[in-house]
Amino acid sequence: MLFKDQVDFVRQHLKKNRLRVFTTILATTMGCAFLIVLASIGFGLQGSMERGILTDQTVTEIEVYGDPQKKIDVDAIRKMDNVRAVVEKTNAQLSANVKFEERTNSVPVNMTDFDNEEKIGSKLSEGRLPQNSDEIVVGYHFAENLLSKAELKEQEKLYEESAENDTTSTKQAKKLGYKESLVGKTISVKLQDYDNDKAINKELTFKVVGVSEKPAKDWLIKNTILFSHELKGEFYNIYKASVKDSKNIKAEKDMFYPEIKVHATNLEAVKGVIAKLKDKGLSVYSVTEQLDDINVIFLAFKVGLIFVGTIAVLIASIGIFNTMTMAVTERTREIGVMKAIGASPKLIQRLFLMESAWIGILGTAIAIVISYGISFLSNWLLPIIIDMATDSKQFQEADIVFSHIPWQLILVASAISIGVALLSGWRPARKATKIDVIQALRQEL
Amino acid sequence: MIEIKNVSHTFAIGKKGKEKKVPVLKDLSFGIARGEIVSIVGKSGSGKSTLLNTIAGFMAPEQGSIVVNGQETASMNEVTHAQFRLENFGFIFQNFQLMPGLTALENVELPLKIKGIPSAKRKVKVKELLQQVGLENVSDHYPNELSGGQQQRVSIARALVTNPPILLADEPTGSLDSETEQDILLLIQSLNKALNLTFVIITHDEEVANIAHRKFRMHDGELVKEVL
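Protein sequence lines correspond, in order, to chains D and S.
Residue 1 is where the first sequence starts when you use the UniProt record's numbering, and the numbers rise one by one after that.
Residue 1 is where the second sequence starts when you use the UniProt record's numbering, and the numbers rise one by one after that.
Fair warning: there could be bad hints in the mix.
[What the hints assert, rightly or not] Below, a list of computed lysine-lysine pairs in the DSS-like style, where the Cα atoms sit at most 30 Å apart:
| id | chain 1 | residue 1 | chain 2 | residue 2 |
| --- | --- | --- | --- | --- |
| 1 | S | Lys18 | D | Lys431 |
| 2 | S | Lys43 | D | Lys346 |
| 3 | D | Lys15 | D | Lys434 |
| 4 | D | Lys99 | D | Lys70 |
| 5 | D | Lys198 | D | Lys185 |
| 6 | D | Lys431 | S | Lys20 |
| 7 | D | Lys280 | D | Lys244 |
| 8 | D | Lys434 | S | Lys18 |
| 9 | D | Lys15 | S | Lys125 |
| 10 | S | Lys16 | D | Lys15 |
| 11 | S | Lys121 | D | Lys15 |
| 12 | S | Lys43 | S | Lys5 |
| 13 | S | Lys121 | D | Lys16 |
| 14 | D | Lys232 | D | Lys214 |
| 15 | S | Lys127 | D | Lys16 |
| 16 | S | Lys26 | D | Lys434 |
| 17 | S | Lys123 | D | Lys346 |
| 18 | S | Lys127 | D | Lys434 |
| 19 | S | Lys127 | D | Lys15 |
| 20 | D | Lys222 | S | Lys121 |
| 21 | S | Lys20 | D | Lys16 |
| 22 | S | Lys121 | D | Lys4 |
| 23 | D | Lys434 | S | Lys115 |
| 24 | D | Lys190 | D | Lys253 |
| 25 | D | Lys434 | S | Lys20 |
| 26 | D | Lys253 | D | Lys198 |
| 27 | D | Lys4 | D | Lys16 |
| 28 | D | Lys346 | S | Lys115 |
| 29 | S | Lys21 | D | Lys431 |
| 30 | D | Lys119 | D | Lys261 |
| 31 | D | Lys79 | D | Lys99 |
| 32 | D | Lys4 | S | Lys5 |
| 33 | D | Lys271 | D | Lys261 |
| 34 | D | Lys16 | S | Lys115 |
| 35 | D | Lys207 | D | Lys123 |
| 36 | D | Lys431 | S | Lys15 |
| 37 | D | Lys99 | D | Lys232 |
[To be verified] Stretch-level coverage of chain S by chain D, calculated; a stretch enters the list once three of its residues show a Cβ under 8 Å from a Cβ in chain D:
| id | region |
| --- | --- |
| 38 | 52-65 |
| 39 | 79-87 |
| 40 | 90-97 |
Worth flagging that the hints you see were computed from the coordinates, not collected in a lab.
Yeah, the Cβ is synthetic: ideal placement off N, Cα and C, and Gly gets one too.
Start from the sequences and build out the full structure, keeping to the hints where you can.
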């Protein structure tokens, strides 16, 4: 029998029992849609978590920690294969007390190698990266924390007044600070040892040439200054000169803590670079390693969800089994006639299997469409409902995806659903092939 | 055309474990030539339908051989036998055995569909046959919209559609009135003459049996030739 005729034959029979076929397809649709939607929660939450991790971090970035007593050989790391750049940031045990016009601000002293920052493509919201050691980059929130004496008092007052409501106080505090661009302006800085109450008298001046980019997370405040790493010696000398008792002078290694970030050439190279760094006895942290751990957990979670969903599909398959068994029983005489006039048992089996496959395919196709609809609706409505319940706008602003349906999930769900449909149709189809022609032809019309 | 040699068969009757073996075909041997109409008459339970079923391959005899068109069919497996039936046999049943969900045209078309003949070719052949049996005007009617005689004509057209050399008819007029019976018998005779078809007719009706070139009587599983 030609394939087209087989399809026609199956369609004709499905049409005969519309209601029964419809309810069976409905059960298959519900089972498959349940499977897809359930598993999509795993995919959605995993995606949201991955995005949360990656938003503020570069995937090719590897943080390196060494023995505090030994200096990390940065040059050797730079020479490693697949290393694009190594950025050595230094955090000092010093704060920088800033004065600009009549405004002041106090920030930790952070130093970096601007040449390498340029190599890794560090982004700024304004201006450029420094080219000399008397040029600096200030953090995105630096200007709004540059407060006059009156503003400082006002801020303190605001904090006291709205101690119970942080959101309001922060919003109002945002109105304070320096409103214009600091790029091109010169600020004066006095260093202060963390262990000392007073700032060192020596005043340094720096030109602001850039402002760092806005942090990806709203709650992150970047009130910082990035100095050139070339100033390390000068800062240490200023500190040393300020300490009266030479016994109390901290060693340089205790004053400055290095923070080394290795940037691999691409995502694929990250694992190789991490392995080499570990071989050198260094401790590393990379977002990719964190993602690997998360992926393993979510894989188990998703497999669990798919398993639960598959149970729903299996329950639906009982419907297919019943429908097909009924079909075989009802059509015993017809099957007998077909066998009598020359239809082979294989053809009979194929026709019944096609019928159950058709129920499976149609049910799955409808389930896919419905699942996308449910997924879209849940991503749109759930944040609104949760925010309404919690009286906030956290979820709507956080861009959390509750449900995501990747094509791989569609493939797996379709394979399970259609596979189960075929399996449930298998026994009735076999039963059809075993129908005795003589007995079948004796059946009353 | 058909050679039946020493065919015997028994049925097991009774409860499982306590079955009795009842012989239904007893060492039958006879031949049917091409273009011949052979009728087998007998009372109910004489074994005539069992004989037809063994010839058709619906069941295999316990003993003996059946050779059709030079091919031993008694030992064929189910798949081979199905294909063999499609090529060699046409069937006319007492209660027509038409598919209730298919029109007259679609019923006649069914064996060609099973054979894998393309639609355009099928339609030409089916229309030609429906015309031959005088049903061209009711081709789109469903079986329940046709009279008994018309249904049997559809059944004959379906049996002829694959151009089989042999037609096996089991009580072909059993469900028809005497007038319609005559029409069907005339149609069988004219098809036999026009297409040189071989007919094996199983019947309990002497009048039907008498249209055959040779007539056998079956009694308790044994076959006796009768002079017409």
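Would you list, in rising numerical order, the hints stated earlier that this structure does not obey? 2, 4, 7, 10, 18, 20, 21, 31 and 32
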